[in-house]
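**Student:** In case you want the letters, here they are:
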Amino acid sequence: MSWETVIGLEVHCQVNTDTKAFCGCSTVFGAEPNTQTCPVCLGMPGQLPVLNTVAVDKTILTGLAINAHINLESKFDRKNYFYPDLPKGYQITQFTVPIVEGGYIDIPTKDGGEKRLGVTRIHMEEDAGKSMHEGLDAVSHIDLNRSGVPLMEIVSEPDMRSADEAIAYLKQLHQLIRFLGVSGGDMEKGQFRCDANVSVRRPGEPFGTRTEMKNMNSFRFIKQAIEFEVVRQIEIIEDGGEVIQESRLWDSVKSESRSMRSKEEAHDYRYFPEPDLPPLRVSQQEVDAIKAGMPELPGELRKRFETEYGLSSYDADVLSQTREISVWYESLVAAHPADPKRCANWLANELLGRLKEAGKDLADSPVSAKRLAGLLDRVGDNTINGKSAKDILDDMMESDDDADAIIEAKGLKQVSDTGAIDTIILEVMAANPDQVAGYRGGKDKLMGFFVGQVMKASRGKANPGMVNQRLAELLKG
Amino acid sequence: MPFSSLSDIQNRLNNGETTAVEIAQLYLDRIAAFNSTLNAFVHLDANHVLAQAAASDAYRKEHGARALEGLPIAVKDIFCTQDGPTRCCSNILEGFEAPYDAHVITKLKEAGAVLVGKTNMDEFAMGSSNETSAFGPCRNPWDTERIPGGSSGGSAASVAAALTPAALGTDTGGSIRQPAALTGITGLKPTYGRVSRRGIIAFASSLDQAGPMAGNVKDCAMITAAISGHDAGDATSVSDAPAIDWLAACEAQDMKGLKIGKPKEYFVDGMDAEVRQSVEAALQKCEELGAEIIDISLPNTEHAVAAYYVIAPSEASANLSRYDSVRFGHRCDNPEDLLDMYTRSRDEGFGSEVKRRILTGAFTLSSGYYDAYYLKAQKVRTLIQQDFIQAFEQVDVIATPTSPIPAFKLGEKTDDPLTMYLSDIFTIAVNLAGLPGLSQPCGFASNLPVGLQWIGPAWHEDTVLAAAAAYEGATDWSNQHPAEFNMNGGES
Amino acid sequence: MDIDVKKVAMLSRIRLTDDEAAELGPQLANIIGYVEQLSKVDTDGIEPTAHPHDAAMPLRANIVTNGNRRDDLQASSPKIESGLYVVPKVIE
Chain A
1 MSWETVIGLE VHCQVNTDTK AFCGCSTVFG AEPNTQTCPV CLGMPGQLPV
51 LNTVAVDKTI LTGLAINAHI NLESKFDRKN YFYPDLPKGY QITQFTVPIV
101 EGGYIDIPTK DGGEKRLGVT RIHMEEDAGK SMHEGLDAVS HIDLNRSGVP
151 LMEIVSEPDM RSADEAIAYL KQLHQLIRFL GVSGGDMEKG QFRCDANVSV
201 RRPGEPFGTR TEMKNMNSFR FIKQAIEFEV VRQIEIIEDG GEVIQESRLW
251 DSVKSESRSM RSKEEAHDYR YFPEPDLPPL RVSQQEVDAI KAGMPELPGE
301 LRKRFETEYG LSSYDADVLS QTREISVWYE SLVAAHPADP KRCANWLANE
351 LLGRLKEAGK DLADSPVSAK RLAGLLDRVG DNTINGKSAK DILDDMMESD
401 DDADAIIEAK GLKQVSDTGA IDTIILEVMA ANPDQVAGYR GGKDKLMGFF
451 VGQVMKASRG KANPGMVNQR LAELLKG
Chain B
1 MPFSSLSDIQ NRLNNGETTA VEIAQLYLDR IAAFNSTLNA FVHLDANHVL
51 AQAAASDAYR KEHGARALEG LPIAVKDIFC TQDGPTRCCS NILEGFEAPY
101 DAHVITKLKE AGAVLVGKTN MDEFAMGSSN ETSAFGPCRN PWDTERIPGG
151 SSGGSAASVA AALTPAALGT DTGGSIRQPA ALTGITGLKP TYGRVSRRGI
201 IAFASSLDQA GPMAGNVKDC AMITAAISGH DAGDATSVSD APAIDWLAAC
251 EAQDMKGLKI GKPKEYFVDG MDAEVRQSVE AALQKCEELG AEIIDISLPN
301 TEHAVAAYYV IAPSEASANL SRYDSVRFGH RCDNPEDLLD MYTRSRDEGF
351 GSEVKRRILT GAFTLSSGYY DAYYLKAQKV RTLIQQDFIQ AFEQVDVIAT
401 PTSPIPAFKL GEKTDDPLTM YLSDIFTIAV NLAGLPGLSQ PCGFASNLPV
451 GLQWIGPAWH EDTVLAAAAA YEGATDWSNQ HPAEFNMNGG ES
Chain C
1 MDIDVKKVAM LSRIRLTDDE AAELGPQLAN IIGYVEQLSK VDTDGIEPTA
51 HPHDAAMPLR ANIVTNGNRR DDLQASSPKI ESGLYVVPKV IE
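Protein chains in written order, with our numbering: chain A, 1 to 477; chain B, 1 to 492; chain C, 1 to 92.
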């Protein structure tokens, strides 16, 4: 009898505001320890929280993007526990009435369809600081720069049935939050963190006992951790044991998880309404305004790119990865409207490839959409061939010259004159009598050899289409 | 001279008869003479007081006088001040110096007031007798064997003995009104949200409110006018609170047409007979002044203490979690591990009443008990609030005794926490409903002051102040002072 | 009402000796016994009150207002090394 895996995910996503959730401290990553703190985020006596308006707007935007319901009145609660990186001894969070409830995310399935995964809720809360233990003997060091950074906790329904589905959900969500510009999403910086609730059951039976997998800071580790946990649970049950409900910590070095059960008492968070914060009320007009400003989402964009510009699903996918790429692409199309597919090809394969090699983002691209369009115009009107165009793009990466200037300076203008091309072809044929005889004897594959020789003799400038056409003619004899 | 009102002093300063420095010195002398008897002040820097007074005199000369120019005001040790320690009368805040002023402290400074030290209080404002202070009990100027009330006992004693003409207190369940009553002074708890709580060490956040304690109604109004107003840094500070002409409210001479509610639940068996007599007599006086006394009922009052002793400790248990010895405050010596650091530091730092409340709150919020205690108490809170709303459809203001008994002896109730809690029985409902309340002297019981409490609808401090001012003008109770302190500092 | 004083003390991170627990137990039981009277109040259909006034939360502009005040804020801290708060080792 087979086992079915059941996975629910909790994502903690830092909202990319300039200031913290409840005070005017900067959220810039990587500052000197404790230099971005104030009496509020240090939990000093008498200090009070006041909520950041942009954190609210961005959480609402995220909710709208997953087709969720926005609660026009939501509430904040205190979650009580002691930890050195939690200054007040409680976290301000939304327990009873979160701002966002009941959305979904569609993931692609192997058969080309889609599976809809439910999102239970998104609530706002504050991040804790960081405890550091490495290289320290009997002590830990506490840095509270992160204390109070706004978080969205995005809680899914237990709808995933495999590690792959979980990863697909997370990747979709990760793309979405970056697309919306609500989070940096940098997993190494802890801006997008995931806990996974995992259980197994026989198909059709009620949910099994779940464990919560923590501390997984890459998609690869999440997949490994879930798969490890599924095997562990099945082994326990098949050996006649019982899975214990607990939190487990993923150790990416040993590729195994261990129980986080401490000797102290079980947690009792004693949630109660945060008396320092009255209910959060937003108007339907405010929600509508946020909705009106919502950018086109990756899924919609992908579909539009396929239908409007005739792109392959692969290219459409690449160009809708981030909002930045999609915007760049459309400005390229605007500057070179003749051939959107050519635009897609040159952006997705040539420019992004070169930028990646140079370790640069699209935002820092030395070649603007307008300059690239100038190059594509010359490809389009057959002034240059593709090979030359790639060389020219290499040059453009290093200089401010536009395509025409480089073509002129390097004499790369394509040769499309029949007489000139015929002359080169006849020279090549004369120099290779054996191959000519071979081709005429039926070795069609030698065509490639002749094209190569002719292109070489023209120093790459011959129009490849014409070379093919004239070769076929002249080789016939 | 010692028992001067703020307005008297203000007049003399305005007339050039005296200076802020002279005034400050006079009160500093009295503190030097009497504080060892009363233990009203737990921190005082005389030089700093004189420096503020000198700066005030200079300001007056150059720019003219601000609302409280040169007037000495003491503040409870619960207000964070950048100058000197802020301890909330607890050992857990050993060594703590706040790097900020409470919003109301900033406001007092901006109004030109001279801040005089920190006054004694129950630790974290948890108490009704000032006996839980880490600095030892404060004593009642009317009988130094007796408590001054609490938690703002030091502020009350300071005003009652004229160690300062006025002081700030805070009121979570009666902590301004009850000590004001027990020491024969006037104290106002404004409507919740009228005064910013920022920088005031939190006890129970949904109940805490700061307010003035002074010798008369107008002095309370002067101070409230200066410290109230919206603060964007406190999300519970109300931005659209109806504005009040604080001083004009105190001009009331009579009570013509005023409907005063007399709730039967506040005149019950078990309360001190003389207290009851004094308050009944006060109501008669009000009638003479033109008021109509209307019998009303606030039926859920009897559950107020129970609701309060769930809600306040619950909020407090969370509010006091920040005292974990990580970033400030007392840390135990040589902690063995993290848990030892937490548990031992907090054991050493907190007194027994504070521990009792933290544990009560942790229990009432804990899994399995939340609905039966916390949620239930919040619902009862709604009923208590509704009682008042209904009452105020009938009457303009409500009058009750402030405390069922006059000041009791030190140590008399310390062994029985519950009996101590019941001494707040008449003041607590006001906090639960978030209403303004004022206590003013209205007689004596066994030669100890008795307080008359006025309760108004939310944001109607003016109604409360007008009623109290009219009563004060028609009686002499506010001019009674403890004989032992009725002399100048140098003479003692 | 039997209250597990040691458990609530642990939740509250307050050390309690056996003697203290023996004294506090009955005191808490007494207090909780008193507040039990709430159970007799009919609150059917009554909404809980968490805040005295029915007001909405004001919000703060997303503007950095705080600079680096580390030295100032750590002036009365129990233990600091290189600007970091120091505590006994945190075991995860």
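Check the hints yourself; a few may be wrong.
[Stated by the list, open to error] Derived pair list, reagent style SDA-like, types lysine to any residue, alpha-carbon separation capped at 20 angstroms:
#: 1; chain 1: A; residue 1: K476; chain 2: A; residue 2: V436
#: 2; chain 1: C; residue 1: K7; chain 2: B; residue 2: K61
#: 3; chain 1: C; residue 1: K7; chain 2: A; residue 2: F82
[As the list claims (entries may be wrong)] Using C-beta positions, here's what the derived DEER-type ranges look like:
#: 4; chain 1: A; residue 1: I234; chain 2: C; residue 2: K89; range: 33 to 39 angstroms
#: 5; chain 1: C; residue 1: S82; chain 2: B; residue 2: E336; range: 54 to 60 angstroms
#: 6; chain 1: A; residue 1: G293; chain 2: B; residue 2: D45; range: 51 to 57 angstroms
Quick caveat, the hints were computed from the structure, so don't treat them as lab data.
By construction, the Cβ of each residue, glycine as well, lies at the ideal position given by its N, Cα and C atoms.
**Student:** Now look at each hint and say whether the structure bears it out.
**Tutor:** Each hint tested on the structure:
Between K476(A) and V436(A), the direct Cα distance comes to roughly 9 angstroms. Compliance with the 20 angstroms bound is thereby established for this hinted pair. With a C-alpha separation of about 62 angstroms, the suggested pair K7(C) and K61(B) falls outside the 20 angstroms cut-off, and the hint is violated. Distance check on the hinted pair: K7(C) and F82(A) sit about 14 angstroms apart at the alpha-carbon level, within 20 angstroms; holds. Taken as a hint, the range 33 to 39 angstroms holds for the pair I234(A) and K89(C), whose Cβ atoms sit roughly 36 angstroms apart.
Roughly 24 angstroms separates the CB atoms of S82(C) and E336(B), a value that falls outside the hinted 54 to 60 angstroms. Taking 51 to 57 angstroms as the suggested C-beta distance range, the pair G293(A) and D45(B) conforms, at roughly 55 angstroms.
Of the hints listed earlier, those the structure fails to meet are numbers 2, 5, in rising order.
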